[in-house]
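Trainee: Model the full assembly from the supplied sequences, consistent with the hints where possible.
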Amino acid sequence: MALDKNQIAMRIAREIKDGNYVNLGIGIPTLVANFIPEGIIVTLQSENGMLGMGPFPTMETVDADLINAGKQTITYLPGASFFDSATSFAMIRGGHVDVTILGAFEVSEKGDIASWKVPGKLIKGMGGAMDLVASAKNIIVAMQHTNKEGQSKLLKECTLPLTGVGCVKRIVSDLAVLDVTEKGFKLLERAPGVTVEQIQKATEGTLIVEGDIPEIQF
Amino acid sequence: MALDKNQIAMRIAREIKDGNYVNLGIGIPTLVANFIPEGIIVTLQSENGMLGMGPFPTMETVDADLINAGKQTITYLPGASFFDSATSFAMIRGGHVDVTILGAFEVSEKGDIASWKVPGKLIKGMGGAMDLVASAKNIIVAMQHTNKEGQSKLLKECTLPLTGVGCVKRIVSDLAVLDVTEKGFKLLERAPGVTVEQIQKATEGTLIVEGDIPEIQF
Amino acid sequence: MNKTVKNAKEAIEGFKDNMTVMFGGFGLCGIPENTILELSKAKVKGLVCISNNCGVDDFGLGLMLNNHQIRKMVSSYVGENAEFERQMLSGELEVELLPQGSLAEKIRAGGAGIPAFYVPAGYGTEVGIGKESREFNGKMHLLEHALTADFAVVKAWKGDTAGNLIYKYTANNFNNMMAMAGKITIAEVEELVPVGELDPNFIHTPGIFVQRIFQGENYIKRIEQLTLSK
Amino acid sequence: MNKTVKNAKEAIEGFKDNMTVMFGGFGLCGIPENTILELSKAKVKGLVCISNNCGVDDFGLGLMLNNHQIRKMVSSYVGENAEFERQMLSGELEVELLPQGSLAEKIRAGGAGIPAFYVPAGYGTEVGIGKESREFNGKMHLLEHALTADFAVVKAWKGDTAGNLIYKYTANNFNNMMAMAGKITIAEVEELVPVGELDPNFIHTPGIFVQRIFQGENYIKRIEQLTLSK
Numbered sequence: 000m001a002l003d004k005n006q007i008a009m010r011i012a013r014e015i016k017d018g019n020y021v022n023l024g025i026g027i028p029t030l031v032a033n034f035i036p037e038g039i040i041v042t043l044q045s046e047n048g049m050l051g052m053g054p055f056p057t058m059e060t061v062d063a064d065l066i067n068a069g070k071q072t073i074t075y076l077p078g079a080s081f082f083d084s085a086t087s088f089a090m091i092r093g094g095h096v097d098v099t100i101l102g103a104f105e106v107s108e109k110g111d112i113a114s115w116k117v118p119g120k121l122i123k124g125m126g127g128a129m130d131l132v133a134s135a136k137n138i139i140v141a142m143q144h145t146n147k148e149g150q151s152k153l154l155k156e157c158t159l160p161l162t163g164v165g166c167v168k169r170i171v172s173d174l175a176v177l178d179v180t181e182k183g184f185k186l187l188e189r190a191p192g193v194t195v196e197q198i199q200k201a202t203e204g205t206l207i208v209e210g211d212i213p214e215i216q217f
Numbered sequence: 000m001a002l003d004k005n006q007i008a009m010r011i012a013r014e015i016k017d018g019n020y021v022n023l024g025i026g027i028p029t030l031v032a033n034f035i036p037e038g039i040i041v042t043l044q045s046e047n048g049m050l051g052m053g054p055f056p057t058m059e060t061v062d063a064d065l066i067n068a069g070k071q072t073i074t075y076l077p078g079a080s081f082f083d084s085a086t087s088f089a090m091i092r093g094g095h096v097d098v099t100i101l102g103a104f105e106v107s108e109k110g111d112i113a114s115w116k117v118p119g120k121l122i123k124g125m126g127g128a129m130d131l132v133a134s135a136k137n138i139i140v141a142m143q144h145t146n147k148e149g150q151s152k153l154l155k156e157c158t159l160p161l162t163g164v165g166c167v168k169r170i171v172s173d174l175a176v177l178d179v180t181e182k183g184f185k186l187l188e189r190a191p192g193v194t195v196e197q198i199q200k201a202t203e204g205t206l207i208v209e210g211d212i213p214e215i216q217f
Numbered sequence: 000m001n002k003t004v005k006n007a008k009e010a011i012e013g014f015k016d017n018m019t020v021m022f023g024g025f026g027l028c029g030i031p032e033n034t035i036l037e038l039s040k041a042k043v044k045g046l047v048c049i050s051n052n053c054g055v056d057d058f059g060l061g062l063m064l065n066n067h068q069i070r071k072m073v074s075s076y077v078g079e080n081a082e083f084e085r086q087m088l089s090g091e092l093e094v095e096l097l098p099q100g101s102l103a104e105k106i107r108a109g110g111a112g113i114p115a116f117y118v119p120a121g122y123g124t125e126v127g128i129g130k131e132s133r134e135f136n137g138k139m140h141l142l143e144h145a146l147t148a149d150f151a152v153v154k155a156w157k158g159d160t161a162g163n164l165i166y167k168y169t170a171n172n173f174n175n176m177m178a179m180a181g182k183i184t185i186a187e188v189e190e191l192v193p194v195g196e197l198d199p200n201f202i203h204t205p206g207i208f209v210q211r212i213f214q215g216e217n218y219i220k221r222i223e224q225l226t227l228s229k
Numbered sequence: 000m001n002k003t004v005k006n007a008k009e010a011i012e013g014f015k016d017n018m019t020v021m022f023g024g025f026g027l028c029g030i031p032e033n034t035i036l037e038l039s040k041a042k043v044k045g046l047v048c049i050s051n052n053c054g055v056d057d058f059g060l061g062l063m064l065n066n067h068q069i070r071k072m073v074s075s076y077v078g079e080n081a082e083f084e085r086q087m088l089s090g091e092l093e094v095e096l097l098p099q100g101s102l103a104e105k106i107r108a109g110g111a112g113i114p115a116f117y118v119p120a121g122y123g124t125e126v127g128i129g130k131e132s133r134e135f136n137g138k139m140h141l142l143e144h145a146l147t148a149d150f151a152v153v154k155a156w157k158g159d160t161a162g163n164l165i166y167k168y169t170a171n172n173f174n175n176m177m178a179m180a181g182k183i184t185i186a187e188v189e190e191l192v193p194v195g196e197l198d199p200n201f202i203h204t205p206g207i208f209v210q211r212i213f214q215g216e217n218y219i220k221r222i223e224q225l226t227l228s229k
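Residue numbers (numbering that gives the first Met the number 0), protein chains in the order written: chain X, 0 to 217; chain D, 0 to 217; chain R, 0 to 229; chain H, 0 to 229.
A couple of the hints might just be wrong.
[To be verified] Mimicking DMTMM-like on lysine to aspartate or glutamate, the simulated pairs with C-alpha atoms at most 25 Å apart in a straight line are:
(1) X:LYS116 with R:GLU82
(2) H:LYS138 with R:ASP149
(3) H:LYS182 with X:GLU14
(4) X:LYS116 with R:ASP149
(5) X:LYS120 with R:GLU91
(6) X:LYS147 with X:GLU196
(7) D:LYS109 with H:GLU125
(8) H:LYS130 with R:GLU131
(9) X:LYS123 with R:GLU216
(10) R:LYS138 with H:GLU125
(11) H:LYS220 with D:GLU59
(12) X:LYS116 with R:GLU125
(13) X:LYS109 with R:GLU125
(14) D:LYS123 with H:GLU196
(15) X:LYS116 with R:GLU93
(16) D:LYS123 with H:GLU125
(17) H:LYS182 with X:ASP97
(18) D:LYS116 with H:ASP56
(19) X:LYS155 with R:GLU125
(20) D:LYS123 with H:GLU79
(21) H:LYS5 with H:GLU196
(22) H:LYS44 with H:GLU12
(23) X:LYS120 with R:GLU125
(24) R:LYS167 with R:GLU216
(25) R:LYS182 with H:GLU134
(26) D:LYS116 with H:GLU79
(27) X:LYS123 with R:ASP56
(28) D:LYS120 with H:GLU95
(29) D:LYS116 with H:GLU223
(30) D:LYS123 with H:GLU84
(31) H:LYS2 with X:ASP97
[To be verified] Coverage of chain X stretches by chain R, computed from C-beta distances (three or more under 8 Å per stretch; other residues unrestricted):
(32) 36-47
(33) 73-86
(34) 92-101
(35) 117-126
If you're looking for bench data, these hints aren't it; they were derived computationally from the structure. C-beta: ideal position from N, C-alpha, C; glycine also.
Mentor: Here it is as structure tokens:
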């Protein structure tokens, strides 16, 4: 059984360590906040200028001056701070954000990522994604292993315009957990019930399988 | 009669316009603050991180956390702001400070200035002087026209290590007011009772004298 | 020194066709609503606008877009409005997309007198085409040049008559740097107070960066994505 | 997340010989008194210190200088102490002088992941020797590289247990940027409060930049130039 979005988020949440500063992209990455294990204190950074992002507000506490990078209304937690965009990206570019989690259209076996532009479709822009992938110490991609036509999105070379080169460290897809290594995608864990063969078939890039590959435990 | 320090400061004060942001160096430049004409509002910037510098404090209001770039205790005026050194020099480098007034050992007819280092003497460092002269829109030098041995300090070429090149716009010395032009030092005003000949004799660099040179009026 | 102007109409004096103008804000958060509205009624056109986003169809910079006043947008994320898409596809509107952090830093650099600097963002992507690249510490970087503007238009929460500004929450975003980078910076504020009322330790934008200030009115503060807890 | 350590002794754990260390402060204003005193009692030596100044004979970094713990100073203005002069002239102490604004920006760049940038300061002077130069907008500039440090030691007025800092008056100076540029940043504060007590709109140094924080004691805050109104 392939993982659903919440399960992908749940699995990614385990990558986060106590005390980490984390930037969560739009989509599945946003869900990761719901699965941070108890006892682990994580500070969420939003690149539009805040540290210490809290949950969504209630109708009573909503404030138009308090939004996240996805332009959603949010709240802040005790110990939060607000700052301008230059300072926000100083944190990101300077390597102060420990983990960046974002989505992708494609990832190559060299760690290249394509996530912002599909030729022929409306181009909205890269936002902060290029800054994030160029600088974060630990970049984890949350993505579907294949597209709707069943074609692999884990490739030898990306076919879409790149967001960044050689930057992705780990991928959590609906089928597997993989590391980007010098030799290619190294399979670490399988989604429950998904076979190595199925993952192999869904992976166009070089897949490295060494020893027994455990199932993801939930 | 050559001008004394207060008279040099008094003459320089006239260069400041209403609304100007001004950085005053140590020595004679500091005295300029005492002679700002009535009705002229000037905001003093101190490069260690403040705008809106006020007079020296009393024993009751002195605060070790509130000093100027000369490390003197000072006060702040209503409308003041405090910031870090990077922001302070962003103001200076970005051309937001309208007038910089500083002392000099030597100035060349091309506007080069030497003000921080005398070989053989103890080197203390340039502090913020190199940043100031490289970026201020209007740089006025307050200086003695000659050294103790009577040798000119307004030269064809500076002999001492430079603080900046081609940056000085105007000089107010004990003998004269001069502009640095493409052709050399252009004499604008004489100290009361000082002759053009005396100024010529005290100026090693090219001196341009056109028409009648008025005396400085006090 | 008093930098107060009466209103947005007085604030925009001197705007000319084809000028480069920066507008603060992220999405619709912290945008200078009054000045944008006033500019959308003015005749000025052919503007190059530097702003992280370009408003929505009937609010923010979308208003100026509808009036065909914008020739080029320099942004990191656009297209939340149908008219933007139409003008971009028809070639009426030129669009330069930049990584958000590089955009922010280019603006700060413009205000800080730094003509160019190196960043890793965009290396190896379309953004790097035509830009100088260079290796530092084993990693490739792009040379990015500073941005400045004829006018910068920013919005703050509170301000004083000397131009000191403070922002609320995430409504700071691009406003603080843009204030530094305008030849003339216009600040509109929700509350304008006399000098001495703001704590000098907690000024976000020192007054030296601001040339004109006024108290705005009728702030709508439209929310793009109202998202509530369940 | 709680970054509190008990005191300066705990804060300096991990200091090793020959490390590069930044110290905040301008003159004696805003210097991390507790940590400097503790380091001066520790055995660590051969340090490269980045600090705008180097204290006075018996206070601030002068204490570490007296104990021959500093191998090199990177500063904009030094020599307020006789021992500094002696060590410099005898060749025991290496000194690198930089324009104050370039020093500040190099430290910010280090914290902000900008490996190098251009500034006009120092072009055509000794400071430019051995540095790349380049013309922008008709004016010559020098390429300046970022500075980082193994440890940055800063002093703030108030701080919370998450590492958020606020400074008082001109005691901010180099502290804010240095906090960004340390691999490990130690902040000593006059008053340490629980998270939630500092207004999130008015944090000077966001906690992400600080790894260890403690409440200092017995602040002397020596004044270098007591100057009073007549």
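Trainee: Between the region 73-86 of chain X and chain R, are there enough contacts, at least three residues with CB-CB distance under 8 Å, for the coverage claim to hold?
Mentor: Per the Cβ count (7), the hint holds.
Trainee: So if I understand the rule, the pair passes when the alpha-carbon distance is 25 Å or less; does D:LYS123 with H:GLU125 pass?
Mentor: Holds, because 14 Å separates the two Cα atoms, which is no more than 25 Å.
Trainee: Given the proposed pairing of H:LYS182 with X:GLU14, does the C-alpha separation stay at or below 25 Å?
Mentor: holds (22 Å)
Trainee: Given the hinted pair X:LYS116 and R:ASP149, is their Cα-Cα distance within 25 Å?
Mentor: violated (32 Å)
Trainee: Cut-off 8 Å, C-beta pairs, minimum 3 residues; does the coverage of the region 117-126 of chain X by chain R stand?
Mentor: The restraint on the region 117-126 of chain X holds, since 6 of its residues have a Cβ under 8 Å from chain R and three suffice.
Trainee: Given the hint that D:LYS116 pairs with H:ASP56, test it: the Cα-Cα distance must not exceed 25 Å.
Mentor: Answer holds: D:LYS116 to H:ASP56 is near 22 Å, not above 25 Å.
Trainee: Quick one, are D:LYS116 and H:GLU223 close enough, alpha carbons at most 25 Å?
Mentor: holds (22 Å)
Trainee: Just to be careful, I want the Cα atoms of X:LYS116 and R:GLU125 compared with a cutoff of 25 Å; is the pair within it?
Mentor: Holds, at roughly 10 Å.
Trainee: Check the hint pairing X:LYS123 with R:GLU216 against an upper bound of 25 Å on the C-alpha distance.
Mentor: Roughly 31 Å between the alpha carbons, so the hint for X:LYS123 and R:GLU216 is violated.
Trainee: D:LYS120 and H:GLU95 were given as a pair; does the straight-line alpha-carbon distance stay at or below 25 Å?
Mentor: Roughly 17 Å separates the two Cα atoms, so the pair holds.
Trainee: Would the pair H:LYS44 and H:GLU12 pass a check requiring their Cα atoms to be no farther apart than 25 Å?
Mentor: holds (14 Å)
Trainee: Checking one constraint from the list: CA of H:LYS220 to CA of D:GLU59, max 25 Å. Satisfied?
Mentor: Distance ~16 Å between H:LYS220 and D:GLU59 Cα, so the pair holds.
This entry does not satisfy hints 4, 9, 10, 14, 34, going by the numbered hints stated previously.
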